[in-house]
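Participant: Sequence lines, in order, name chains G and Y.
Everything in the first sequence is counted per this note's numbering, starting at 1 for the first residue and increasing by one.
Everything in the second sequence is counted per this note's numbering, starting at 1001 for the first residue and increasing by one.
Rather than coming from a laboratory, the hints here were simulated on the basis of the structure.
It cannot be assumed that every hint is accurate.
[What the hints assert, rightly or not] Taking lysine-lysine pairs in the DSBU-like style, the calculated list, with each CA pair at most 30 Å apart, reads:
#1 Y:K1092 / Y:K1059
#2 G:K135 / G:K4
#3 G:K157 / Y:K1092
#4 Y:K1017 / G:K157
[Unchecked claim] Restraint-style ranges between C-beta atoms, simulated for each label pair:
#5 Y:P1274 / G:D12: 19 to 27 Å
#6 G:S141 / Y:R1074: 39 to 47 Å
#7 G:L128 / Y:M1081: 24 to 32 Å
Ideal placement from N, C-alpha and C gives every residue a C-beta, glycine not left out.
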Amino acid sequence: MIIKGVCHVFGDNIDTDRIIAGKYTKTLDLQELASHVMEDLDPGFRSRLNKGDIVVGGYNFGCGSSREQAPLALKTAGVSLVVARSFARIFFRNSINIGLPLIEAKDHRIADQDELETDLIHGTITNLSQNAQYKGTQMPSVMVDILNEGGLTNYLKKYGAFKVN
Amino acid sequence: MSGQTVIEKLISNHTGKKVCRNEIAIVEVDGIMASDTTAPLAIKAFEEMGGTRVWDRDKMFLVIDHASPAPNERIANLHDMMRRFSREQGVKLYDVGEGICHQLMIEKHHVKPGQIFFGADSHTCTYGAIGAFGTGVGSTDLAGIMLTGKTWVKVPDTLKIVLNNTLRPYVSTKDLILFLAGQLGIEGATYKSIEFTGDALMPLSVDSRITISNMVIEMGAKAGFVDTAGLQLPYNFDSVKPDDDAEYEAVYEYDVSKLEPMIALPHSPDNVKPISEVGSVPIQQAFIGSCTNGKLEDLRQAAKILKGKKIDPRVRLMVTPASKEVYHQALLDGTAEILMAAGATLLPSGCGPCVGTHLGIPGNGENVLSSTNRNFQGRMGNRNANVYLASPVTVAASALTGQITHPQNIR
Chain G
1 MIIKGVCHVF GDNIDTDRII AGKYTKTLDL QELASHVMED LDPGFRSRLN
51 KGDIVVGGYN FGCGSSREQA PLALKTAGVS LVVARSFARI FFRNSINIGL
101 PLIEAKDHRI ADQDELETDL IHGTITNLSQ NAQYKGTQMP SVMVDILNEG
151 GLTNYLKKYG AFKVN
Chain Y
1001 MSGQTVIEKL ISNHTGKKVC RNEIAIVEVD GIMASDTTAP LAIKAFEEMG
1051 GTRVWDRDKM FLVIDHASPA PNERIANLHD MMRRFSREQG VKLYDVGEGI
1101 CHQLMIEKHH VKPGQIFFGA DSHTCTYGAI GAFGTGVGST DLAGIMLTGK
1151 TWVKVPDTLK IVLNNTLRPY VSTKDLILFL AGQLGIEGAT YKSIEFTGDA
1201 LMPLSVDSRI TISNMVIEMG AKAGFVDTAG LQLPYNFDSV KPDDDAEYEA
1251 VYEYDVSKLE PMIALPHSPD NVKPISEVGS VPIQQAFIGS CTNGKLEDLR
1301 QAAKILKGKK IDPRVRLMVT PASKEVYHQA LLDGTAEILM AAGATLLPSG
1351 CGPCVGTHLG IPGNGENVLS STNRNFQGRM GNRNANVYLA SPVTVAASAL
1401 TGQITHPQNI R
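Starting from the given sequences, assemble the full structure and let the hints guide the process.
Facilitator: Dropping the structure here:
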């Protein structure tokens, strides 16, 4: 799975309240969620974002609430991948479950507007703008399987149950 | 293989084999729960997965608490979706005003010691207060359990926190957990579980224990487990203990008698200082409630400070009891009367003010002192407000003076 895109860089501890505020979460309209993504953190983000762009965080990206609306808002807005030094665990699981790819890279030095190429299966991240490479953390095989199916809904439709090797 | 931590034992008990940290296990789940923030998406995902019947209707619970009663037509329709699903599936629904999901799961005995419970709310870790493995998941994860009754977990490393001695007057477990959040940091326990033990826990009520486990997610933890020694429940239960040779990633030991009231400053629950270092901060809104600190014990402690006094006219004090049962008890024992006489506004049970959906959104530039668990920017519904976190006793004391105040200074 190769993903290429332009990066938007955020800092450490980006919590789910700032990815999508609680007052906007009570809806099944994904486009509406996407229209408010990162609004409290960076009101201009939505208009700068192009389809296929990559969101980059520091440590503990997605901490806070279990609301799946956070990765859904990012994905629906057109984000193709989230890269961070570390992720909060519920956000990490939610993203895989809804088919939003993400990768953890402890020592990345990605700058805003850098262009990135990522091979999720091999865990390699190439910063085309800086001519640098970062090593991504390998995710458990059950997560790779879920991501390969495009999310948990398709995974369970296909297999009917969880399988662990 | 070395001995097991409690969390490793609980997961092993639900997997059918002995598992240790870093292993992936498929667990049989004892119960699941979703609120009005997460249930509509979970129902949608369940149906998209081809689900027609939930695996066990007696093990699933729906709670309308996050925007309850409905503040607008759209949310009312999402609530109706939950009611329809509950009727069709025969799944128990707690409707508006019944209470906050975590309070209800414990109060109504839907979760018990030794069980594994998944909730589509990050504060499901609360169930560690009564010796259960509780953890938060998202809606699609929950839908997978609705379909299969199982899910996968990575067995976490465990941090052990030993708490010695006795809390001083005016210091509660909220101050303790805020202190620990400050020590470990907001990602100090990410991908890990926390076991709390030590003689400081022995005398603690269920209400006091709930406040500890509730906020382990504020350190990123997957689950928290409070040693069941001294735990009083209205039914018999078996205690799960760690093996003597259990391996912990780290062990921390604290003397809780040294603690003073703590304050988390904006905009992060780990931005914690002892109250003596905070200085005078004026407040315009005070809030006592939420799954962290809206319990009967919390209301009674606040009432003790407020009795016979009036809140500062520049402050609004809002109180949401954690459940209808808590509210009822507070009416019967006079607690509600004391709060109202002091000038508090009692609101229906629910999560509205904490999560910023309704019932008390602060204005621009206002300072809020809140007994809730999070103070991220925008958390209470306005990014231009400042939310400080404290215990119900400190919130009550501060409502009387109009600024953040140590409760011992109230005479």
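Participant: Run every hint past the structure and note whether it holds.
Facilitator: Cross-check of the supplied hints:
A hinted pair counts as satisfied when its Cα atoms are at most 30 Å apart, and Y:K1092 with Y:K1059 qualifies at roughly 9 Å. In summary, the hint linking G:K135 to G:K4 is supported, as the alpha carbons are separated by about 16 Å, within the 30 Å threshold. For the given pair, G:K157 sits about 26 Å from Y:K1092 by alpha-carbon distance, which is consistent with the 30 Å threshold. With a CA separation close to 27 Å, the supplied pair Y:K1017 and G:K157 stays within the 30 Å bound.
In this structure the supplied range 19 to 27 Å holds for Y:P1274 paired with G:D12, their Cβ-Cβ distance being about 24 Å. Distance hint check for G:S141 and Y:R1074: the Cβ-Cβ separation is about 40 Å, which falls inside the suggested range of 39 to 47 Å. In this structure the hint that G:L128 and Y:M1081 lie 24 to 32 Å apart at CB is violated, the actual value being about 45 Å.
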